[in-house]
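Engineer: These are the residues of each chain, in order.
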Amino acid sequence: MLLEIQNLEKIYVAGEVRVNALKNITLKIKEGEFTAIAGPSGSGKTTLLNCIGLLDHPDSGQILFLGEDIVSKNPKEQAFLRRQNFGFIFQTYNLIPVLTVAENVEMPLRLLPSYEKETARQRVSEVLTAVGLSGFEDRKPLEISGGQQQRVSIARALVKKPKLILADEPTANLDSKTGESIIDLMLKINKEEGTTFLFSTHDTMVMDRAGRLILLRDGEIHEDSKKRKRK
Amino acid sequence: MKSYVLSLAAKNILRNKRRTVLTFSMLVFGVSFYILLSALFEGFDRAAFESIINFESGHIKARSDKYDKDFPFDPENFMENSSAVMESIRKDPSVLGVAPRILFSAEMDNGLDDTPVLVTGIDPQADDSVFGLGEYFTDGSFDPTGAVVGADLAKEMSLYPGDPFYITFRTKAGAYYSLELWVAALLKSPDPAGNKTRIFIDIALASNVLGTPGAATEIAVKTDNLKTAAKTAERLRKRTSGVSIQSWDEMSHGFTQTMQTKGKMSQIILFFILIIAMIGIVNTVLISVFEKRKEIGTLKAIGFSDSEVRNIFVLEGAIVGFIGSLLGALLGALFNAYLSTVGLDYGAIMEGLGDDMGIGFLSIVRTTWNPEHYIVPVTLSTLASALAAYLPARRAMKMDPAEALRTT
Ligand SMILES: Nc1ncnc2c1ncn2[C@@H]1O[C@H](COP(=O)(O)OP(=O)(O)OP(=O)(O)O)[C@@H](O)[C@H]1O
Ligand SMILES: [Mg+2]
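Chains A and U, in that order, are what the protein sequence lines are. Residues 506 to 736, numbered by my numbering, are exactly what the first sequence covers, in order. Residues 8 to 415, numbered by my numbering, are exactly what the second sequence covers, in order.
Among the hints, a few may not be true.
Restricting the straight-line Cα-Cα distance to at most 30 Å, the calculated cross-link-like pairs of lysine-lysine (DSSO-like) are [to be verified]:
| hint | chain 1 | residue 1 | chain 2 | residue 2 |
| --- | --- | --- | --- | --- |
| 1 | A | 645 | U | 73 |
| 2 | U | 73 | U | 234 |
| 3 | A | 668 | U | 405 |
| 4 | A | 666 | U | 98 |
| 5 | U | 98 | U | 234 |
| 6 | U | 98 | A | 622 |
| 7 | A | 645 | U | 98 |
| 8 | U | 301 | U | 98 |
Anything over 12 Å on all C-beta distances counts as not near chain A; from chain U, calculated [to be verified]:
| hint | residue |
| --- | --- |
| 9 | 14 |
| 10 | 21 |
| 11 | 52 |
| 12 | 73 |
| 13 | 203 |
| 14 | 244 |
| 15 | 407 |
If you're looking for bench data, these hints aren't it; they were derived computationally from the structure. All of these numbers come straight from a predicted model, not from anything done at the bench. For each residue, glycine too, the CB sits at the ideal point set by N, CA and C.
Just need the whole structure built from these sequences, with the hints factored in.
Structural biologist: Dropping the structure here:
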């Protein structure tokens, strides 16, 4: 099992207000799954993804990654885990504007102890080709379209071959056609490289492509359907 | 990895050009100002030293061992055995020139007015072998029956070359004596005090009228090497007796003190430059951290550790400090290249201000070249900038990534 989440709770306290963003979440994700998390705004999708990605700390519960509890690790070990095993895709792409497309994609490789310039360059050009952006290496993020930026961010998440890619509403800022091509790209990578994807979405078209759909409501799992199977 | 963090920091600097330019210009201005000031102070010191050595002290000076520095013109300070002392001094191989001088104070009288003057009895040939004074005699030449009068003094007393005047003084025996002299030449030296207060007469005449024939109040020595003058002085002490012998650096304690005061002044200026630079850097990096919250969240998601995130911002500050102060050093060097060759007309600037910063001599000052003036501010600016960036950088480090990523 790639990921096992047990009784996850997250409570935000803002002044007098306590928001129970995640309530008793328990779920398992197998390697190679392509899972969508859906639910109304404020249902806890981002919070759940952030907790799994170790960007946010749950108040209680466990997250096991490859059987190992990762919540209790210290920040340095967590950073190390992220750089080795997790890839992130954000709704707003979050590319570093001063770096070129190639430099943005190369970034996660630079953090690895195995970094070597020439192999890194080859891998970057390989993933940029995979996301259909070969030839865009030297552009700056602001010189390409939103859809292209999201492809760069997918390439960045993909470049180190992580075990798990977490994507928070990767298509929300894109028109439906571009959004569809992004999901198709993620599906292709999932099929070809076996990378596990866990992503949140509001878009029914995107939900339809998912191999599994988890529906959140008020911080709880309302529905978990593994049956849906579509191309 | 470290070089990667450095390159990321460097790329960030070009991000907000206006802010970076502002911090840069503060550093550039501050550091170049510091460099010029230090070079100028040192230029003053060097020129003043040269003047003193060239007109006043020589490399080494011998005086009577009864010499009382609180009463420098007291007749008790006369060396009766001056020719014997000079003979022994001349025997040292390092000695190039020996000049006896008699110094005493007198009242100068032109028939209408009188004014206090400092009279120096010199042996013109011997004097030229030690001092450079003779070069500044104008409108006539030295004459054993007359006097060379400071140009400003002559003007004040309405005396022109050829005019007679009197000086009145006490002899060694304590009696008042008036001596008639005439203006044989004027002194226009780079030493404004000398031009205002001094007259020069023949040493034989001076010692005779003072009642101490053949005596001198001081014997100035020129050696073959200014730097080893103290060693030469040490040898001369062994050769002579009844006299006290000091090299220029042993004599110039008081002067070294004014130098140190000026050194402190430039240190204080450097301190303020650093404070201002640090405030600029804190501000720059703080805004930079605030603006880049989302990027900070992204970097952490990608797997940058907290300390790596912090170092990006610390280095950003350090690079701004380094490049800014380096540009400042270059600008300072550029100005200094001009001021060290052409020089600064200090006299013209200070005229009317009535301030000579305790230097007294010279009017054109040439700045010096001292690597310390460049290395110190650049190093300190870089370190201070890194230090200043540290606090805001810690905020970046402590930033909660989930929170940071939620910012739009
Ligand atoms: N830092 C915070 N402080 C207080 N409350 C928060 C904070 N972050 C999230 N919340 C609350 O937690 C709940 C879950 O938020 P979350 O962002 O996970 O929802 P979401 O499903 O991602 O919503 P959306 O579809 O709008 O992105 C919401 O009620 C939100 O207001
Ligand atoms: Mg969300």
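Engineer: So, for every hint listed, does it hold in this structure?
Structural biologist: Here is what the structure says about each hint:
The straight-line distance between the Cα atoms of residue 645 of chain A and residue 73 of chain U is roughly 84 Å, outside the 30 Å bound, and the hint therefore fails. Note on residue 73 of chain U and residue 234 of chain U: the hinted pairing holds, with a Cα-Cα distance of about 28 Å set against a maximum of 30 Å. A hinted pair counts as satisfied when its Cα atoms are at most 30 Å apart, and residue 668 of chain A with residue 405 of chain U qualifies at roughly 27 Å. Restraint check for residue 666 of chain A and residue 98 of chain U: the C-alpha separation of about 89 Å exceeds 30 Å, so the hint is violated.
At roughly 20 Å between alpha-carbon atoms, residue 98 of chain U and residue 234 of chain U fall within 30 Å of each other, so this suggested pair holds. As the CA atoms of residue 98 of chain U and residue 622 of chain A are separated by approximately 75 Å, the hinted pair breaks the 30 Å bound. With a C-alpha separation of about 81 Å, the suggested pair residue 645 of chain A and residue 98 of chain U falls outside the 30 Å cut-off, and the hint is violated. Taking the CA atoms of residue 301 of chain U and residue 98 of chain U, the gap is near 83 Å; set against the 30 Å cutoff, the hint is violated.
For residue 14 of chain U, the requirement that its beta carbon stay farther than 12 Å from each beta carbon of chain A is not met, with the minimum near 9 Å. Here residue 21 of chain U does not stay apart from chain A, with its beta-carbon only about 7 Å from theirs, under the 12 Å limit. No Cβ of chain A approaches the Cβ of residue 52 of chain U within 12 Å, the least distance being about 48 Å, so the stated non-interface status holds. Non-interface call for residue 73 of chain U relative to chain A: holds, since the shortest CB-CB distance, roughly 78 Å, exceeds 12 Å.
No beta-carbon of chain A comes within 12 Å of the beta-carbon of residue 203 of chain U; the shortest separation is about 65 Å. Listed as a non-interface residue, residue 244 of chain U keeps its Cβ farther than 12 Å from every Cβ of chain A; the least gap is roughly 70 Å. A beta-carbon of chain A is positioned within 12 Å of the beta-carbon of residue 407 of chain U; the least distance is around 8 Å.
In summary, the numbered hints that this structure violates are 1, 4, 6, 7, 8, 9, 10, 15.
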